[in-house]
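Novice: Going down the list, the sequences are from chains A and B. Taking the working numbering, I'd label the letters of the first sequence as residues 1 to 152. Taking the working numbering, I'd label the letters of the second sequence as residues 153 to 473.
The set of hints was computed from the structure by calculation and includes no laboratory data. One or more hints might be untrue.
Calculated pairs, SDA-like style, for lysine to any residue (alpha carbon to alpha carbon, straight line, at most 25 Å) [to be verified]:
no., chain 1, residue 1, chain 2, residue 2
1, B, 387, A, 144
2, B, 387, A, 62
3, B, 316, B, 420
On a predicted model such as this, the values are computed, not experimentally measured, just so you know.
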Amino acid sequence: MNFIYKTVFLLLLVTSGVSAVAEPSPNLGNTPMESDEVFKDFGGKPGLVAIMDDFMVNLVADPRTKPYFDNEKQTYIKAMLVEQMCELMNGGCTYPGRDMKSSHTGLKINRAAFNALVEDFQLAMDKHDVPFRSQNKLLAKLAPMYRMIEEK
Amino acid sequence: MQCSKKICLSFLVSSALASTAVMADMSASNKLLLTGGVSQVEGAAGGGLTPWAVIGGYGTNDEIGANVHYTYAKTGDYKLDSYGVTFGFYDRFELSIAEQKFDIGNLRNKVAAGLGADVIGRDTLDQTIIGAKLRVFGEAVLDADTWMPQVSIGAQYKRNHDEKFIKSAVIGAKSAEGVDFYVAATKLFLDQSFLLNSTLRLTKANQFGLLGFGGAKDDNYTPQLELSGAYLINKKLAIGAEYRMKPNNLRSPANAALFGGQNVVNLKEEDAFDIFVAYAPTKNVALTLAYVNLGNIATVAPVGANYGTQEGVYLSAQFGF
Chain A
1 MNFIYKTVFL
11 LLLVTSGVSA
21 VAEPSPNLGN
31 TPMESDEVFK
41 DFGGKPGLVA
51 IMDDFMVNLV
61 ADPRTKPYFD
71 NEKQTYIKAM
81 LVEQMCELMN
91 GGCTYPGRDM
101 KSSHTGLKIN
111 RAAFNALVED
121 FQLAMDKHDV
131 PFRSQNKLLA
141 KLAPMYRMIE
151 EK
Chain B
153 MQCSKKICLS
163 FLVSSALAST
173 AVMADMSASN
183 KLLLTGGVSQ
193 VEGAAGGGLT
203 PWAVIGGYGT
213 NDEIGANVHY
223 TYAKTGDYKL
233 DSYGVTFGFY
243 DRFELSIAEQ
253 KFDIGNLRNK
263 VAAGLGADVI
273 GRDTLDQTII
283 GAKLRVFGEA
293 VLDADTWMPQ
303 VSIGAQYKRN
313 HDEKFIKSAV
323 IGAKSAEGVD
333 FYVAATKLFL
343 DQSFLLNSTL
353 RLTKANQFGL
363 LGFGGAKDDN
373 YTPQLELSGA
383 YLINKKLAIG
393 AEYRMKPNNL
403 RSPANAALFG
413 GQNVVNLKEE
423 DAFDIFVAYA
433 PTKNVALTLA
443 YVNLGNIATV
453 APVGANYGTQ
463 EGVYLSAQFG
473 F
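Only chain B is shown next, with the shape it has when bound in the complex (with noise of 0.2 Å):
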């Protein structure tokens, strides 16, 4: 969705008589391809793990752009369904609201085994993110005679359905909902159609907060770091990989108990990384496709024994207007 500020203003105000001329108007996109970047995983723009500097939606400085973005992940034990849309406006502010369900069937089925009782109860973990990302100075694609990247800074709001049970003795967060903060610097290096990301963000999300936030281990905010890189085949086709440091604070040693000291839910948290490709066929569509790894989320095994990493395919679709 793409409009003139005026159009855009009269749209909102009065949705319901949008007339076809200004739908037309709307349907515009005046950011050049991809460099929107794609929805990552908790709903703001960037690559598929990581947030970056770019504002998302293709509408320029003073246009107002959106789309909506479906993802799913599939690792070893695990299953990922997140969904989401994105506004970006005025190419200086970004708002996003994504739903996260987080499959965790087969522990479930796994502890129960251990335990002989259902402790987990329920199938899913459901998380709903909030984020808001403002532009505070530098033109990632056009400053293309300058080192001076493009800087964000941004807001994700995470807030766990499931508190009970990651509060529980099973898991051991300290809390439902937290809310990171981050700084993402971004460049399009286009002599070389090669960009970076770098981006530091505060959290004490556990497994990006499907786990909760905090822990017995560590329940203050730590600097994590992620970095991207993607290279451009061409204007619709680019590939790249992410690396994102993720926290560890919760302490797998507390569910010993739960299993007669024989095994353990292993909480250890690693950090993740992708490798991907990104499609756009046209500026309403952009496709993801990626190798990825979470590292270990929770495996369920003997004391002292290797605990899982979860790896697997990454898939997102995203569609503007």
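Bound-form chain A, shown alone (with noise of 0.2 Å):
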């Protein structure tokens, strides 16, 4: 019996482990690519950190979007957005976060601030320089995410 138990618990761990290297995180919102070029053409993570650490800068700036970062969790939804990124980029990591639905409820996010984020996103992209084709592969991503975030 306890020979049986041995076995099973192993092949759990095993299966678990592959499925995890396989399997994107469950809240990533959607598929990771399939290769890593955009990654690169980001500067993999430390480029990938620069450009949130801007993109928060233009999402405070910005009075469409301003009431939903200008908090003290600035920091966290930082490190969250560059897992989340990370992952979908083929780059690596795990979005170890919660889903865009529970994340986002109660916000009363409308089309114009979710567009506003994207036009933010945007410029912190060109401003390190990422190919306009890799922007748009990248944000190709993330916007069907509009269906979990907004708020009618």
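Both chains are sitting in their own frames, so use the hints and assemble them into the complex.
Specialist: In structure tokens, the structure reads:
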């Protein structure tokens, strides 16, 4: 019996380990890219961190997005965004955060605010010379999340 | 012009009392750059020649947007001046009015020389177009994870102001007014930075309606396909091409008698296409430069001779509020 328990336990461990590598984080919000080409255009993780720093500066400076970001959670949100973007771009990260719906519930984000955030993100990516095509490849992963983020 | 539902309603009700604070709020533009298309030649939001499924203006789903446009096209024998205004309501409904002035001075002179009489008697043909468009479903820009396009239906009521001439023997149109109906599907393939549009139009219009509606050859609605493709080079710049099929309703031999059997005004209508560059330096301005080929419009030529192709330049400027 002990042997069987051990075997089952080991099998579970192995299969869960395999699936953790193959499956994206459950709360990621979209499937990751198949290659890390775009991630390289973002300058890898250091580049992504620098872009997110500027992104947050833009979000707080923009009156359309300021109400959602001008608070004590900035550092946490930035860290989560880095992990999420990194995983979406197949950069070898694991997004540990909440799903897109519950993390935005009650914020009453409308299309105008959603698009404003995209614009602020584009400005940050422009500043760090991310090629336009690569910007759009990441935006294509993020844009459909409006369905989970916006509240009427 | 953009504003929240509440502010807009109060603005519309008492526009004269609009405060500067309200005006400042209205100048916010919350749709992404160039995603509202530009004003096409008939006034709807789209490419240069074809209406797209997008709703004009930079207003989002709880805002109203508007823009004005001026378009100038010059081909070998003709010139077209067009201006108008386009309103987008809540990214759902679009209303447009456009006024077109078609310069036929060259044709007038050639016909007068051939006939020895000034039968055209005017240098321009004028037309008013009132357009409406309703977004039925889809989100052309944000639904990047599906193939589902944004789909809209639309209608364009066209009234030609030179009824007597376009229904005369020289042109032979059956009517001076008509309504085009269309369904348009637009999809931005965001990961490829590429936009595709396909529009199916039911129409009787001869040369967009500038030569009236219906003719001796055909006086029925026919389906015409219009295609656009655009590649986004960056946020502000797009290049693309369009193809627009047109009916061929007018019967040219009908006017052979006018020229004693030696010359005809060849009215064979052909498809149009363009190659364009659209540039939006800011959200308030969009400039379009295009090479346009409208095919034959009306050529005075000996019977059996080749007709002319009208190709040239197309310039359009759009200003949003």
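Novice: Output the indices of the hints that this structure fails to meet, ascending.
Specialist: none
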